[in-house]
Amino acid sequence: MWLTQVLINALVLGCLYACIAIGFSLVWGVLNVINLIHGSFIVLGSYLAFGLYQTLGISPWYAIIVAAPLFFVLGYLLQFLLLNRVINAPVLVTLTMTFGLDLILNNAMIYFFKADYRKLTLSPPMGSVSLFHAVVPIDRLIATVAALALTGLLYLVLRRLRVGRAIVAVRLDRDAAVLMGVDVKSIYAVAFGLGAALAGCAGVLMALVYPISPLTSSTFLGKAFVVCVLGGLGSVSGALAGGVLLALVEGVGTTFLGPEHATTLSFVLLIVFLIVRPQGLLGRKGFE
Amino acid sequence: MSDSLIIELQQLCAGYGEVQVLWGVDMKVRQGEITALIGSNGAGKTTLMRVLSGLIPVQSGHYFADGRDVAGDTAAELLARGVVHVPEGRRLFGAMSIEDNLLMGAYSRKVSRAELGRDLDSVYGTFPKLRERRNQAAATLSGGEQQMCAIGRGLMSAPRLLMIDELSLGLSPLLVEQLVAALRALNAKGMSILLVEQDVTTALDICHSAYVMDMGRIVRTGPGAELLADPIIREAYLGVLED
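Protein sequences, first through last, are from chains S and R. If you read the first sequence in my numbering, its first letter stands for residue 1, the second for the next number, and so on. If you read the second sequence in my numbering, its first letter stands for residue 1, the second for the next number, and so on.
Quick caveat, the hints were computed from the structure, so don't treat them as lab data. Every value quoted in this text rests on a predicted model; they were computed, and no experiment measured them.
To give an idea of the interface, some chain S residues facing chain R are shown, with a C-beta separation under 7 Å as derived from the structure:
(1) D173
(2) V178
(3) L179
(4) M180
(5) G181
All C-beta atoms, glycine included, are put in the ideal place defined by N, C-alpha and C.
Make a model of the complete structure from these sequences and hints.
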């Protein structure tokens, strides 16, 4: 029975990993920016969920509704006011910029929230259910469904909405998009805002699963990075495939090797993929 | 300035950074006409298209659209004036469906869903092949279908002037004939067209007036039929040696 338990755990965690990664993947794919603040956005989302629950008793499910617009505006303004100024510079410049912004945000969080690990524990606890002889906590299950829903929502936004089509168009051919009358810089801001909103929501959900501390931001960033490489850049389905694969390898691997090797395993997987299949599971070859 | 002029250029200069490509271009595009721009590779035709659609700035000289100075306008502003550019190499959004490509053409227009539907229908009426494959990714189309999709995307922008860069590039003569017929039909309905072509015979055959470009300057101009009969043009661009 341990196998079904490992598989179910991997599916649950995989959807959360996908949710962590899609915002990162969107920004990377559309803006060609490796957004190093992404991990800190996730942590900030967790603190938001923690704070709302502790002070106002608002459950994390509703915190998502607060987090999404808040983080969208934060991301939009960051891109519009700061990153758009250097967006046409080489990738190292935007990387340095997001690195600096991450230092500021992360240290601000350490200053205000301290570096202690906190945990959002629902009271009363929601208990757990048995799925195919495997035990799954209900709060995790709901978090998974919410993560899947957010992923699906992004897919629909990109496919069905006018602004979504423009985001995809800018990613595929910037000059042609300009000829369609697309204002590239405001599309960049929208894409960055969406990435931030997804990070914030992922943070809210991760608060139920992970201990909360500013120090975990690099872990989240690392996961997002690995998922993007595994799944292939810039596609929603790729992030989902990459997330589940990463969680599966971590789950099965740590069952045999012990949980202390989870991160090592994920980065070994990253290196293997970079050598064998650099375009990722679902990515297209020869596409930047 | 006559009100039948949709575009007028006076001594227009432009280029890329330090490299000047256009050296004082004078040109008039009349309302309701097909105007052809011909010339060899590297003559500056595509650069001129990019200036007209606002992708690269005017360095000096004048660019009038409908009699107004539009030299500093952005691509979006020129598009709103109805100056629509179908770029060289089609530049479709390959991973998107045909219909999504067409809808991107209408991106900057504020129109109702119903009107969008009518415009889609009219493009599908012009190019029935596109309707059959509306949900297929644009990258999977043949060269001719891609050109139809690119022109269709241009039509969705509600052009007053449709500028097509290299209509026939890489297409079979039969396909070129079909596309030319479609352009003639659009022109008969009143649409102005600026056609950039390397296939000089086709271009001079369908245009009302033509401009010949060389080394970033306009070197000849006149009605298409007149240029087609011109021995110098025939020798330089059609490879015909006169006795």
